Structure formats: structure tokens, C-alpha cells
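Protein chains: 2
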Amino acid sequence: MFNASDPRLADYANLRDVELRKSMEAEHGLFIAEGEKVIRRAVAAGYPVRSVLLTRRWADPLADLLDGLGDRVYVVDDDVMEGIAGFPVHRGALAAMERRELPPVDEVLRGASHATAGAVDEGGPVRPPRRLLVLEDLVDHGNVGAIFRCAAALGVDGIILSPRCADPLYRRSVKVSMGAVFAIPYARMGNWYDGLEEIRAAGFQTLALTPDQDATPMDTVEMRERVALLLGSEGDGLSSRWLREADEQVCIPMSPTAMASGVDSLNVVAAAAIACHGLMRGTAVPQGRRQP
Amino acid sequence: MFNASDPRLADYANLRDVELRKSMEAEHGLFIAEGEKVIRRAVAAGYPVRSVLLTRRWADPLADLLDGLGDRVYVVDDDVMEGIAGFPVHRGALAAMERRELPPVDEVLRGASHATAGAVDEGGPVRPPRRLLVLEDLVDHGNVGAIFRCAAALGVDGIILSPRCADPLYRRSVKVSMGAVFAIPYARMGNWYDGLEEIRAAGFQTLALTPDQDATPMDTVEMRERVALLLGSEGDGLSSRWLREADEQVCIPMSPTAMASGVDSLNVVAAAAIACHGLMRGTAVPQGRRQP
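Line order of the protein sequences matches chains A and B. Take the first sequence: its letters are residues 57 to 348, numbered as in the working numbering. Take the second sequence: its letters are residues 57 to 348, numbered as in the working numbering.
It should be emphasised that the hints constitute simulated quantities derived from the structure, not laboratory data. Honestly, I wouldn't trust all of these hints.
Because identical chains cannot be distinguished in the list, a pair is counted as satisfied if it fits within a single copy or across any two copies.
To be verified - Simulated pairs of lysine to any residue, SDA-like, Cα-Cα distance not exceeding 20 Å:
1) LYS231 / VAL195
2) LYS78 / SER295
3) LYS93 / GLY291
4) LYS231 / GLY198
Values in this document were obtained by computation on a predicted structure and should not be read as measured data.
The following block holds chain A by itself, in its conformation from the complex (with noise of 0.2 Å):
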């Protein structure tokens, strides 16, 4: 019925092709989730779904989400699927969904922007955003996913991007973080030079996360009510200009052996991981706070 070429199916085509599929994807305003659980929860979202592409087997399980779209839901055999996407798609069902404007920054920053705003809004009273992440640069979508997923799990409640970071809504993105990156509402700084200055003039406390071992260990430092945690690149970490404008800069205390053997650093997700959980000491989150 379909075939690998066929036009209804070209916001699927070669998404491992990164390139290619981040212009298409922003000119497009399109993004893809994969598989069954990522798909309800980019719905949930209230991501409007343009098409979804799926194998035989997966008609079934995703049917009452089928049920609206119509003539935009393409079954297709596993080798077609294979044949458009590029790879053979183990999750079998792939959405091409539309993408919505990001909130500005002072809205992440005030917590008047929640990513399932759309979906749900439950008119409550919106409380100010006490734990933000700040990333610099990121440039693996994975690394991306995966620190969206920590800090959706964590308690973070709000992530700014720089200009330059990675894309949250690119296909890996999405995968890695489970679907988080709908969860946890995000802006992207329109420009990176004056990028802290918004944030601090919003009452955030801006801690700087360098592998440094003379910077204050993130167990020990002092936080205020509204603190955000900056986080660099993968490779040279955050740049001197940020470095120099936080208010402190903290480490994850490392092991001295190690550092001598030249096994100098965890990678930026495992570091992520250990400073949101740092973070949320003081916070509604239990971290380290109930008696065994």
C-alpha cells in the first residue's frame, strides 16, 4: 500500500540523517516520537499529532489514539518502515507531530509556562520555580534526553537552554528522556552573551558545575530559595564568561586516584545526575530527609 518514497510519508525519511532532519524539522515545525509510550505522552502533552507511521502490530495497542486521525495513519510492513526511517524501528510506531512555540524565558522563570499547559491546565496557583537547570551548549541529543529525564525525576522545575544547545524535541532527545522533555516545561535564551543576567535578575541563585576540586562541593554549598544550576558542554565545559558571572562555583568531589590516573571526570550526564540530586536538598522532594 505504501511504498519507502511515497510523499505522505517525508516527515519519516531518513531520520538518522542529522543534518538533513534538523532543517527539515525546523522548517517543517514538525518533531517525531517514537514508540507507544512516548507517543501518549507527547499527546498528553497536547502535542497535535500530524501522521502516525506504524507496523501491523501496533494498530491495536495505539487504536484508540488512531481513532481521530483519519486517513493519516500509515500502516506499513517492518521493511518499509525500515526502508523510510533508515534503520529498523524496534518501538514499531513512529508520530510526526507538530511542534508549538517555546514559551520565552521570563515565563519558564516566573513558572507561568508548564510544558502540558495546553493539555491541562488545572487553574490552580502557579507556584515560582524554586530549581532550574541552565545548559550551555550541549551538543549530544542524547546527553540532552537524558538530563531532561534526571531532572523531570528529580524535582527540577524548569530547564533554559543557550542558544547553541542541542534540540530537545529531536528524535533521540525525545527517546533518551522517555518523553520528559514534554514533561518539564523549557526556553532557549535568544542570546548567550547576556543569557545569566535575565536569570538572576529573577532572584535565581546561579551555581556553576565545574570539575574543579577547589570549587565548593555541591553537598556543602548554600543554597538559596531559587538556585539554577549551570551545566557546559560536553567538552570544555561551561565557557569562562559563565564560569566568572555565577555566584559560586561547585564540584562533585572526585576520587584523587583517580584523578591522578587520568580517569578525570564522569560524563555530563552522570555529573547532571548527581548535581540535581544535590539540588534538591531543602526542597519538597524528600532528598535525604526521612529517617531510615
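With the hints as your guide, set chain B onto chain A.
For chain B alone, coordinates are given in the frame of chain A:
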């Protein structure tokens, strides 16, 4: 000079074919280290080099190491490299290394075994290990490598693997670990059923990490002098037998909102990072003890 089917290059064939490589590497007792930094760490840890396959531009940076290898240095063009390995080898150099027999579990428990003992035996008094990880049936080589990297960076003294846990010397484990698999002593249990028994008998308090939020938060558990932290497989977590046998079940507290929205857990590497950090409380590594 070489083409992809040259029998001298057989050690490097089809590096992306996991099943083939697993049986082939076991049969020939070899493993593959990728990239200058990781190759150097393997050599420094005392693993013998079988041969090195590299592209022209890596001959100079690796010259000192290639010197003693005689005709076991294979310099090829990029496309030959890709033809043999089955993917573009961005790090430009692969070494086939000899495996060594793993130490028995009790050697790691006593601290008598060090990954680098063959190469760097300083003859000092052996410090008994105080912090161990025990990995049960992890299937993903990348996860195993990432956990070794965290463990080494944070000062864990050794790792015990269940019989079915993925191989730390598989190419992807080695690569993701950045060579930390050479820096930390590890052993593999002969049998899963009684596996914890030997660890407990050696005086280790066993802590089972679980997503169950009724367990004791990692940050508040009272740790004894010697602690072994048990980590379960990616999908199912720890087996019920190990959960039951452990001295205490511990958890990382999660955001109640995230739990409710179905973004329900950290991945195993993030959880391991946070847990390893918590594990170091009260050890020589100054986790959170330095005052700001």
C-alpha cells in the same frame, strides 16, 4: 597494502556485530581498545598488545607505543579501516589486546587484586576495599562502561559482576568507560544463586538499590565500614532473591509529580552515579565534608 579481507586483520572484523564479536573475542581471548587515550590506558594497565590497526595520521602520535610491535602494526586508509570494522572509526586507531584471567571474587573482596597490579605493583600494604558495586545482569555494554567510569571517578574500590552481566572488556564498554575498566579491579561470580553470600561473609553490608520509594533514602542509610551496593538490570532491576537477601533496600528519592506523570525513574547509569556519590559518604574521598 592491506585490504579488508587480509587474514592478519581478522581480530578487527565486523566490530558492530555483537553476537559474532562476543563469541570470537571469548574464543581468541582478545578485546579491542579504540582511540589513543584508551589504548594507552590499556597498555599502562599491563594488557599485552596483539596488534594495532590505524590510519596514517595516528602513526606519529602513537609512535612510542608502536615501536616494539614489529610487523604487528597495520597502517591502512580510512576506507579500508571502515571496511574491516564495519563503521567509520572516528578515533582512527584500534588495538587488539590480550585478555587476562579475571581474579577470583575473593581477591577483589580482600583488595588483593588491582587491575594495574601486573604493571604497577608498588609493593605497599594492601588497603582492604571499603566500597564495592555488585552488578546483576546488566545487558547494555554502554551502561556497564558508564558505571565503571562513575565508580572509578568517585572512588569505588572494586566491582563484582553476576555471571550473566555484560562484559566490561567489550569494545563499547571499554570506549564508554574511557578506560576506567582497566583502572578498577573486578571479578565475576561463578554462580548467581549464592553470589551475595560470599560478599556478606567477607564483612560487607549489602545495600540493594531499588526505585521503591518506601526503601531507605540513600542519603540517610547508616553505612558500615565495608559496603557493597547492588545494582539491577536495566529493565527489571534487582532479582527478588537479591532484594530479599540484601541487608537493606535503599532508594533515590524521586519527585512525586514525576512519579505520577509516569516519568517514573532514572536510568541505571544516572541512578548508579547518584548512588556511588552517596556511597562515598564517610570514606577518604571528601564527599560533602569540605566547608564552603
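Here is what the structure says about each hint:
no.: 1; hint: LYS231 / VAL195; in the structure: both (16 Å within a copy, 19 Å between copies)
no.: 2; hint: LYS78 / SER295; in the structure: neither (25 Å within a copy, 42 Å between copies)
no.: 3; hint: LYS93 / GLY291; in the structure: between (32 Å within a copy, 15 Å between copies)
no.: 4; hint: LYS231 / GLY198; in the structure: both (8 Å within a copy, 16 Å between copies)
Of the numbered hints given earlier, the model fails hint 2 alone.
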